[in-house]
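Trainee: For the record, in the sequence shown the residue sitting at position 77 is 78 according to the numbering used here, with numbers rising by one throughout.
Hints were generated in silico from the structure; no laboratory data involved.
All residues carry an ideal CB built from backbone N, CA and C; glycine is no exception.
Just so you know, not all the hints are guaranteed correct.
What the hints assert, rightly or not - Result set (BS3-like, lysine-lysine): computed pairs, CA atoms no more than 27 Å apart in a straight line:
{"no.": "1", "residue 1": "49", "residue 2": "113"}
{"no.": "2", "residue 1": "118", "residue 2": "144"}
{"no.": "3", "residue 1": "49", "residue 2": "87"}
{"no.": "4", "residue 1": "49", "residue 2": "27"}
{"no.": "5", "residue 1": "49", "residue 2": "18"}
{"no.": "6", "residue 1": "118", "residue 2": "89"}
{"no.": "7", "residue 1": "49", "residue 2": "24"}
{"no.": "8", "residue 1": "87", "residue 2": "27"}
{"no.": "9", "residue 1": "18", "residue 2": "47"}
{"no.": "10", "residue 1": "21", "residue 2": "113"}
{"no.": "11", "residue 1": "89", "residue 2": "49"}
{"no.": "12", "residue 1": "27", "residue 2": "47"}
{"no.": "13", "residue 1": "118", "residue 2": "149"}
{"no.": "14", "residue 1": "24", "residue 2": "87"}
{"no.": "15", "residue 1": "21", "residue 2": "49"}
{"no.": "16", "residue 1": "47", "residue 2": "24"}
{"no.": "17", "residue 1": "89", "residue 2": "47"}
{"no.": "18", "residue 1": "21", "residue 2": "89"}
{"no.": "19", "residue 1": "89", "residue 2": "144"}
{"no.": "20", "residue 1": "113", "residue 2": "144"}
{"no.": "21", "residue 1": "87", "residue 2": "47"}
{"no.": "22", "residue 1": "47", "residue 2": "21"}
{"no.": "23", "residue 1": "113", "residue 2": "27"}
Claimed, not checked - Between beta-carbon pairs, the in silico distance windows are:
{"no.": "24", "residue 1": "144", "residue 2": "3", "range": "31 to 39 Å"}
{"no.": "25", "residue 1": "3", "residue 2": "45", "range": "29 to 37 Å"}
{"no.": "26", "residue 1": "21", "residue 2": "70", "range": "39 to 47 Å"}
{"no.": "27", "residue 1": "17", "residue 2": "140", "range": "39 to 47 Å"}
{"no.": "28", "residue 1": "36", "residue 2": "70", "range": "22 to 30 Å"}
{"no.": "29", "residue 1": "44", "residue 2": "137", "range": "44 to 52 Å"}
{"no.": "30", "residue 1": "69", "residue 2": "19", "range": "30 to 38 Å"}
{"no.": "31", "residue 1": "17", "residue 2": "93", "range": "16 to 24 Å"}
{"no.": "32", "residue 1": "52", "residue 2": "85", "range": "21 to 29 Å"}
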Amino acid sequence: MIGLHFNLLIVIEYAGKTAKHEKLWKCRCQCGNTTVTRQGRLIHGKTKSCGCANKGNLRHGDRRCGNTTSEYHAWYSMLARCNNPKHKAYADYGGRGIRVCRRWFVFTNFLKDMGRKPSAALSLDRQNVNGNYSPRNCQWATKSWQNKNQRRWL
Numbered sequence: 002m003i004g005l006h007f008n009l010l011i012v013i014e015y016a017g018k019t020a021k022h023e024k025l026w027k028c029r030c031q032c033g034n035t036t037v038t039r040q041g042r043l044i045h046g047k048t049k050s051c052g053c054a055n056k057g058n059l060r061h062g063d064r065r066c067g068n069t070t071s072e073y074h075a076w077y078s079m080l081a082r083c084n085n086p087k088h089k090a091y092a093d094y095g096g097r098g099i100r101v102c103r104r105w106f107v108f109t110n111f112l113k114d115m116g117r118k119p120s121a122a123l124s125l126d127r128q129n130v131n132g133n134y135s136p137r138n139c140q141w142a143t144k145s146w147q148n149k150n151q152r153r154w155l
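Full structure from sequences and hints, please.
Mentor: Written as structure tokens, this is what we have:
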């Protein structure tokens, strides 16, 4: 379960069991807060955040009132590709061992390290295509650069 992404939560550690022997997991919310919840509530989508989403105060990074910045979208997509086995591209990322550094599980850390995109024509790129997503291996790059910097299928 550790590293899996459920709605706005990422599982960070095992937290024991309830009196009824249900597994508990400590999760980090995209707002930066942590919460402990039962495994079943995560899997079935009953717990979606630390509680901030329930208060109508959903202000995770650059996601406000349904408007999402391209930096937030790049971050969210990166996490989904690497941590969600149901994502269509998981086999090419998380399924082959590509991981996201722990620091980047929080959007504000990702934004602090990567900065805003200098141009709308750029997207998130890993310099070493077999390496993990981390400050040392990522850059904003053009589509033409990314087309040259990819795994070659035999």
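Trainee: Does each hint hold? Answer for all of them.
Mentor: Here is how each hint holds up against the structure:
For the proposed pair residue 49 and residue 113, the alpha carbon gap of about 25 Å is at most 27 Å, so the pair holds. Simply put, residue 118 and residue 144 have alpha-carbon atoms about 14 Å apart, close enough for the 27 Å limit, and the pair holds. For a cut-off of 27 Å, the pair hint linking residue 49 to residue 87 stands: about 17 Å separates their Cα positions. About 13 Å separates the Cα atoms of residue 49 and residue 27, which keeps this hinted pair within 27 Å; it holds.
The hinted pair formed by residue 49 and residue 18 meets the criterion: a straight-line CA distance of about 20 Å does not exceed 27 Å. Distance restraint check for residue 118 and residue 89: the Cα-Cα separation of roughly 25 Å lies within the 27 Å cut-off, and the hinted pair is therefore satisfied. For a cut-off of 27 Å, the pair hint linking residue 49 to residue 24 stands: about 17 Å separates their Cα positions. Under the criterion of a C-alpha separation no larger than 27 Å, the hint pairing residue 87 with residue 27 is consistent with the structure, at around 22 Å.
The suggested pairing of residue 18 with residue 47 holds, with an alpha-carbon distance near 18 Å, which does not exceed 27 Å. Of the pairs offered as hints, the one joining residue 21 and residue 113 is violated, with about 42 Å between alpha carbons and a cut-off of 27 Å exceeded. Of the supplied pair hints, the one linking residue 89 and residue 49 holds, its CA atoms being roughly 21 Å apart against a limit of 27 Å. For the proposed pair residue 27 and residue 47, the alpha carbon gap of about 15 Å is at most 27 Å, so the pair holds.
At roughly 20 Å between alpha-carbon atoms, residue 118 and residue 149 fall within 27 Å of each other, so this suggested pair holds. For a cut-off of 27 Å, the pair hint linking residue 24 to residue 87 stands: about 22 Å separates their Cα positions. For the given pair, residue 21 sits about 22 Å from residue 49 by alpha-carbon distance, which is consistent with the 27 Å threshold. A hinted pair counts as satisfied when its Cα atoms are at most 27 Å apart, and residue 47 with residue 24 qualifies at roughly 15 Å.
A distance of roughly 23 Å separates the Cα atoms of residue 89 and residue 47; the hinted pair therefore holds under the 27 Å criterion. Between residue 21 and residue 89, the direct Cα distance comes to roughly 35 Å. Violation of the 27 Å bound is thereby established for this hinted pair. A hinted pair counts as satisfied when its Cα atoms are at most 27 Å apart, and residue 89 with residue 144 qualifies at roughly 20 Å. For the given pair, residue 113 sits about 23 Å from residue 144 by alpha-carbon distance, which is consistent with the 27 Å threshold.
Of the supplied pair hints, the one linking residue 87 and residue 47 holds, its CA atoms being roughly 18 Å apart against a limit of 27 Å. Note on residue 47 and residue 21: the hinted pairing holds, with a Cα-Cα distance of about 18 Å set against a maximum of 27 Å. Between residue 113 and residue 27 the alpha-carbon distance is near 25 Å, which keeps this suggested pair within the 27 Å criterion. Taken as a hint, the range 31 to 39 Å holds for the pair residue 144 and residue 3, whose Cβ atoms sit roughly 34 Å apart.
Evaluation of the 29 to 37 Å hint for residue 3 and residue 45 yields a failure: the beta carbon distance comes to about 19 Å. Evaluation of the 39 to 47 Å hint for residue 21 and residue 70 yields a pass: the beta carbon distance comes to about 42 Å. Between residue 17 and residue 140 the Cβ separation comes to about 41 Å, which falls inside the hinted range of 39 to 47 Å. Look at residue 36 against residue 70: about 25 Å separates their beta carbons, and that is inside 22 to 30 Å.
With their beta carbons about 34 Å apart, residue 44 and residue 137 fall outside the hinted range of 44 to 52 Å. In this structure the supplied range 30 to 38 Å holds for residue 69 paired with residue 19, their Cβ-Cβ distance being about 35 Å. Distance hint for residue 17 and residue 93: a CB-CB separation of about 35 Å, inconsistent with the stated range 16 to 24 Å. Roughly 22 Å separates the CB atoms of residue 52 and residue 85, a value that falls within the hinted 21 to 29 Å.
Of the numbered hints listed earlier, those contradicted by the structure are 10, 18, 25, 29, 31.
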